[in-house]
Structure formats: structure tokens, C-alpha cells
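Undergrad: Line by line, the protein sequences are chains A and B.
Note that numbering that gives the first Met the number 0 has the first sequence beginning at 0, numbered continuously upward.
Note that numbering that gives the first Met the number 0 has the second sequence beginning at 0, numbered continuously upward.
Possibly wrong hints are sitting among the right ones.
[Stated by the list, open to error] Footprint (simulated), chain B over chain A, 3 or more residues, beta carbon under 8 Å:
{"no.": "1", "segment": "7 to 16"}
{"no.": "2", "segment": "43 to 54"}
{"no.": "3", "segment": "71 to 80"}
{"no.": "4", "segment": "87 to 94"}
{"no.": "5", "segment": "191 to 204"}
{"no.": "6", "segment": "265 to 275"}
[As the list claims (entries may be wrong)] Derived pair list, reagent style EDC-like, types lysine to aspartate or glutamate, alpha-carbon separation capped at 20 Å:
{"no.": "7", "chain 1": "B", "residue 1": "K53", "chain 2": "B", "residue 2": "D189"}
{"no.": "8", "chain 1": "A", "residue 1": "K268", "chain 2": "B", "residue 2": "E242"}
{"no.": "9", "chain 1": "A", "residue 1": "K268", "chain 2": "B", "residue 2": "E112"}
{"no.": "10", "chain 1": "A", "residue 1": "K140", "chain 2": "A", "residue 2": "D175"}
{"no.": "11", "chain 1": "B", "residue 1": "K110", "chain 2": "A", "residue 2": "D2"}
{"no.": "12", "chain 1": "B", "residue 1": "K33", "chain 2": "B", "residue 2": "D44"}
{"no.": "13", "chain 1": "A", "residue 1": "K268", "chain 2": "B", "residue 2": "D44"}
{"no.": "14", "chain 1": "A", "residue 1": "K140", "chain 2": "A", "residue 2": "E106"}
{"no.": "15", "chain 1": "A", "residue 1": "K268", "chain 2": "B", "residue 2": "D256"}
{"no.": "16", "chain 1": "B", "residue 1": "K53", "chain 2": "B", "residue 2": "D40"}
{"no.": "17", "chain 1": "A", "residue 1": "K164", "chain 2": "A", "residue 2": "E210"}
{"no.": "18", "chain 1": "B", "residue 1": "K110", "chain 2": "B", "residue 2": "D189"}
{"no.": "19", "chain 1": "B", "residue 1": "K362", "chain 2": "B", "residue 2": "E201"}
{"no.": "20", "chain 1": "B", "residue 1": "K245", "chain 2": "A", "residue 2": "E266"}
{"no.": "21", "chain 1": "B", "residue 1": "K362", "chain 2": "B", "residue 2": "D251"}
{"no.": "22", "chain 1": "B", "residue 1": "K362", "chain 2": "B", "residue 2": "E188"}
{"no.": "23", "chain 1": "B", "residue 1": "K202", "chain 2": "B", "residue 2": "E112"}
{"no.": "24", "chain 1": "B", "residue 1": "K362", "chain 2": "B", "residue 2": "D256"}
Calculated directly from the structure, the hints in this document are not laboratory data.
Bear in mind that the values here come from a model prediction, so they are computed numbers and not experimental data.
Note that beta-carbon positions come from the ideal geometry of N, C-alpha and C, so glycine has one too.
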Amino acid sequence: MKDLHLPCEAEVVERIQESATLVTLRLRLTDDKLRNAYRFMPGQFNMLYLFGVGEVPITMTSDPDDTATIDHTIRSVGRVTNNLVALQAGDRLGFRGPYGRGWPLPEITGQDVVFVTGGLGCAPAVGAINYIASRRSSYGKLNIMQGVKHVNDFIWKERYDQWRKLPDTQVLLAADVGTPIWPWHVGLVTELYDQLDYDVNNTTVMMCGPEGMMQAVTKYMVNNNVDESDIWLSMERNMQCAVGLCGHCQYGPHFVCRQGPVFNYHELKPFFGVRGF
Amino acid sequence: MVRHQSLFLARNHFQCLIDVLNEAGYRCIGPTVKQGAIVYDVLDDVAQLPQGVKDRQSPGSYSLQPDADPRWFSWANGPQALKPEVFSPRSVMWRVVREETGLVFQPVHTKTEPTAVIGVRACDLAALTLNDRHFLEGSYPDSDYQARRESLFLIAVNCTSPAETCFCASTGDGPRATSAYDLVLSELEDGFLIEAATAAAEKILSALPTTPATSAQEAAAVESIEQAAHSQSRSMDVDNLREKIKASLLDDAVWNDVSEQCLSCGNCTSVCPTCFCFSENDDGGLQLDESEHVRQWDSCFTQGHSYIHGLTVRNNTSQRYRQWIVHKLDTWHDQYDRSGCVGCGRCISWCPVGIDITAVARKISQGKVS
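Let the hints inform the model, and build the full structure from the sequences given.
TA: Written out as C-alpha cells, the structure reads:
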């Protein structure tokens, strides 16, 4: 039996410092066969292993249509990530994936789409936005909302600038703490709801970010008659095995690593917002 | 299931069973008294079986006392379930070596030897079936578990001596073993009724000096199992438990009440035969040129269990206790089509403060909060 827990080797092709605490590692699987066979859907994740230290789940932020190299944008917050972000081009690490369920992109063609992300919650959404951007005519109006705590946390300006130029697309940006040169909204991203442009009867909402933000967005959308089944959320819990065995990521009956990390709101509803789940 | 003809193995021939299993290539493990408890250990001789002792269990208490009962299996399960045999408390998952050319990841193949476990209880067989569902029957079967599982030959002994803490009759998992075993025994004063359920077991059975069981012996066996069921005073058969649990999720008063005494020590999850959480850690060598990736049992009662990037989702004991109960008694049904509780009662006996899961379930079901 294939050992489902065993990583393969990847090489850092490029290290991109996105902000003070965010680094993108552009990785290439060193084994030709594995590299050529590797495919993922936006919203899924890989387990990255730092030699001698441990594994962490990280979502892919590059184009799913091009897997010659795979980007992972990492915030340095713990034992593993503090040192992962210090890797340099040429360094090797462990890699296994992809795992979990991504965004329901092929299923929602023809619909308007609203992305609401907060902080590094934009990471799992980037691939999904690019997926839609490269199939722009297959989807309706596209709304991209991103909020950050501080202007300094804002990354990928070029990407947002590009998306803004797409037809029928608007980008709404907000920073809780602004600076004189921040040209967009200062305050919560949720204060920009009235600028959203979508057909309530034909829309999919996808969100990722702090759970408080996702609760607020879900409440707003449901109150504004968006059908609960049209709301999708990317969840995050402690993940160690990534294959639904180690038990850490359980969210009610769900194993976030296996049935998620992208969930329909319906699936999460009984436990959503209950502290301690 | 085919109704097999019962055979009788006299007590003074029981050593033959161990010998025949050894000859067939099995290492035998079975119950023995160790450090004041009945646990599974290597068994070569019937003299190692518990004799002249009986367990006394109650909430927060387990002890062995002298007993005149001539039977060797007249005890209820000790702390150790079948679980460690299939889901190792600690095992190396893989190894990585740093070489000049890069990192080389090496699988670690689990080494097992055919192992016959003598004296398995119905509750632990039910738990094993649940372990199988979790580790083997999903989309990612676990190779370490599978190797260990396939090495087992299981000899059940129908339970005739439940502890005060047992409630398998109410969960439908005992005291009679009904599945997942190879051989099943019913202990009588002078010997054992013995039945085979698998081809491998038929082979072992045919090598034993058995005689056909008499109807009196069969009746005695049935009676002692029925007696064991009736003697259980605890019950998990409570009304609308799942609905009540769901309805109480937001009611902190309920969970603060039922977890008031909980020390968050994790004893319950360690002795629970169905708890499956494990953590993964790295054990690097001092030379820094290789590292082992290790998994070991974890518990939802630890702070680290729900840690994500700088925050702990379940930051207090009440939330951790709720997680354990909600999973075990409610969401387990969604995941594996039944409750995660098999009525073994271990979490009651081995809880240092004697929290009784059946009382907790009843409290939640009746909405009784002090």
C-alpha cells in the first residue's frame, strides 16, 4: 500500500518577501514524474515539511493551470512557519498533497461571484479568482473584497490592479488602519457591502478569513436573501495528518482536512459561531 | 451467520490452545495481572492467566481483590483495550535523511508478527470494528494500522463478570461477542465452550482435544451471559440524547455543570477503546542529518489539540469536555453510523475524579442542570 503520510521532496525555486511577515515560497517537485502528475484545485492545500521540525498545511496561491512551480504564501506565526519563511532558493523541503476539497468553481458557471477575504484569507481565494479570470466569460459579475488590519498587511497589489481591469469586475479594498497614501477604504471590509453588485438570485459567495469576519459576512448575505446553499467558506483547524485520521481538525462531524477546508454554509451551520468548535 | 456446533474444551486442556496457536506461528497475548491490574501481555502458560483475583471497579476506582472463583476470565476489562495492538501508542511513520543531493524520504514499514489475543471482550471487538471504519474504510486507509490489524487472530471470551462501571448491554455491544472474532469461548467452571468463526480458527479448533458440548453446558453458558447483561446497573440508553446534545451546544451552563470536576487530564481518551486522535512530531537526530516523523496518541483534552496559528480553539476544560462528549455520543453517528461509545466503562473507572459518562448523558438528556 502506498504510504499516504510520506512526503516527497520539493525545492525552493524562489523566495518572495510579500510583507514583513508574509513570504511566498515558489516550489518545484524535484521528481519529474511527480511534478508532471501533480494537479490541484484552488482552495485545496499541501502539507509542507521543514526538515527535523514538522509539517504545516498551506494553500496554493499560484495558477492551477501551471504546476511546473507551485506557490505557497506563508505567514510566520509558529515553530514551523517561522523557519519555513527563512528558506532560500535551492533549499529542500518535504511536500505532500493536494488535500481536501477546494472551491466549487466548475459547478457555478454563469453565476455572479462575490469573494470576501480578510488578511491572509486572500490566499486560498487567489487561485479561485484567477481560475474565473482566465474563464471570464463563463461567469457573471465578479466582486472581490479584501480587508486587512493594517495597510502593511496588504499584499499582491499588482494582482488586484489586474483583476480590476477585467470586464464586469470590481475590487473593494479596506484596511482597518490606513495611512495617508492608502487610496482605498479605511475601516472594515464589511462596511463596503452597499457597493457590491450581484444578482441575489444567481450568486455564489466565497469567503475566507477570520471566523468573526466570516460570521458577519454570512449573516449579512443571509439577511440580504442570498440562499444559504450559495455561501461557501474556507475553514481552518489544527491539521496534522491531512487525511482525516488524526482527529485534530474536527468541526462538528466534519474533518476539515478531508470534507473541507471549503464548506457550504449548510454543512457548518449547527456549529458555526459556537465558541470551542 | 452460520450457527456453529459448540465444542467443549476442558480447563486442563486450555494450555493446548496456547500451544497449538504457538505451533501455528502465533505469538499469544492474553490477560495477566501486572502492576495491580489485568492487562494483556505475552502468554505462554495458563499459569499466567489471572487466578484467584477479581477486579472491583467504581467511578474513579479500580482494584484487584482475592476471589475464590475458579474461572480465569471472571473479570471485566482493565485499562488496556485492544486498541494499542492496532493503533500503536507511538510509532515512526517515516524517516528523512539529509544527503548532499537533498532530502530522501523513506517509508517505515510496520513489522508485525502473527498475534493471537486471548480473552478479548465484546466491547473491545465493537470498538475494533469502529477503529477499522476510521483507519481502514475511508478514502485514505492507514498502512500501519492495516499491518497490525491483519496480524491479529482474535479469541473472544464472552463476558460473565461485568464491573459496576460496565454498560455494554445498553449500547448493544455486549456482553456476548457477536462479530469480529476468530474463535469465541464461553467459560464454565470446568472448561470452555468453543466456536470457530473463520477458516483459520476452524484449523486451530480441529487440533484441540475437544468434545461435543452438552445442552446443559450450552444452557449454562447462555445463562451466565444473560446474567452478566442483567447485572449491569448503568445504561447509556437515554432518550433523545443526540437531539439534546445538539440543543445544548450553546448552553454553557450545561457544559460547565457536567465538566465541573473534570481535570482535563485525558485519562478517559487514553483508556477509551475508540478514541483515535494522534499527534505527529519530529524526532531529529543529534547529528542533524536525519529525522524521524513520529505519531503518538493525542487527546482532545490537551491545549495543543485545537491550536491554530497562535490561538487555541478550545481554551477551557468545559469546551474540551463538550468536544469529547459531542464527538463520542453525537457526531460519531454522522461519521461512522453509530455512537463512539461501546459501553466498556473504562472512562468511568479511570477518571481520577470519577466522572460517569452515563450520568452525564442522562443529565444532558433530562436537561437537569444544577
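Undergrad: Next, verify each hint and record whether it holds.
TA: Now the hints, each set against the structure:
With 3 residues having a Cβ less than 8 Å from any Cβ of chain B, the segment 7 to 16 of chain A passes the three-residue criterion, so the hint holds. Remark: the segment 43 to 54 of chain A is confirmed as covered by chain B, as 6 of its residues place a Cβ nearer than 8 Å to a Cβ of that chain, reaching the required three. A count of 4 residues in the segment 71 to 80 of chain A with a Cβ less than 8 Å from any Cβ of chain B is obtained; the coverage claim is therefore met, three being the minimum. Coverage of the segment 87 to 94 of chain A by chain B holds. Counting CB-CB distances below 8 Å, 3 residues qualify, and the rule asks for three or more.
Here the segment 191 to 204 of chain A counts 0 residues with a CB under 8 Å from a CB of chain B, which misses the bar of 3, and the coverage is violated. A stretch counts as covered by a chain when three or more of its residues have a beta carbon under 8 Å from one of that chain; for the segment 265 to 275 of chain A and chain B the count is 5, and the coverage holds. Proximity of B:K53 to B:D189 is assessed by CA-CA distance (about 18 Å); at most 20 Å being required, the pair is judged to hold. Our distance criterion of 20 Å between C-alpha atoms is met by A:K268 and B:E242, whose separation comes to about 15 Å.
Distance check on the hinted pair: A:K268 and B:E112 sit about 47 Å apart at the alpha-carbon level, beyond 20 Å; violated. Restraint check: the Cα-Cα separation between A:K140 and A:D175 comes to about 26 Å, which exceeds 20 Å; the hinted pair is violated. Under the criterion of a C-alpha separation no larger than 20 Å, the hint pairing B:K110 with A:D2 is consistent with the structure, at around 14 Å. Pair hint B:K33 plus B:D44 holds up; C-alpha atoms about 15 Å apart against a cutoff of 20 Å.
Restraint check for A:K268 and B:D44: not satisfied, since their Cα atoms lie roughly 57 Å apart, outside the 20 Å limit. Restraint check: the Cα-Cα separation between A:K140 and A:E106 comes to about 16 Å, which is no more than 20 Å; the hinted pair holds. Taking the CA atoms of A:K268 and B:D256, the gap is near 25 Å; set against the 20 Å cutoff, the hint is violated. Taking the CA atoms of B:K53 and B:D40, the gap is about 18 Å. The hint holds against a cut of 20 Å.
Between the alpha carbons of A:K164 and A:E210 the distance comes to roughly 30 Å, so the proposed pair goes past 20 Å and is violated. This hinted pair does not check out: B:K110 and B:D189 have alpha carbons roughly 38 Å apart, beyond 20 Å. Pair hint B:K362 plus B:E201 does not hold up; C-alpha atoms about 47 Å apart against a cutoff of 20 Å. For the proposed pair B:K245 and A:E266, the alpha carbon gap of about 14 Å is at most 20 Å, so the pair holds.
Our distance criterion of 20 Å between C-alpha atoms is met by B:K362 and B:D251, whose separation comes to about 14 Å. Pair hint B:K362 plus B:E188 does not hold up; C-alpha atoms about 41 Å apart against a cutoff of 20 Å. Restraint check for B:K202 and B:E112: the C-alpha separation of about 19 Å stays at or below 20 Å, so the hint holds. Taking the CA atoms of B:K362 and B:D256, the gap is about 10 Å. The hint holds against a cut of 20 Å.
Checked against the numbered hints listed earlier, the structure breaks hints 5, 9, 10, 13, 15, 17, 18, 19 and 22; every other hint is satisfied.
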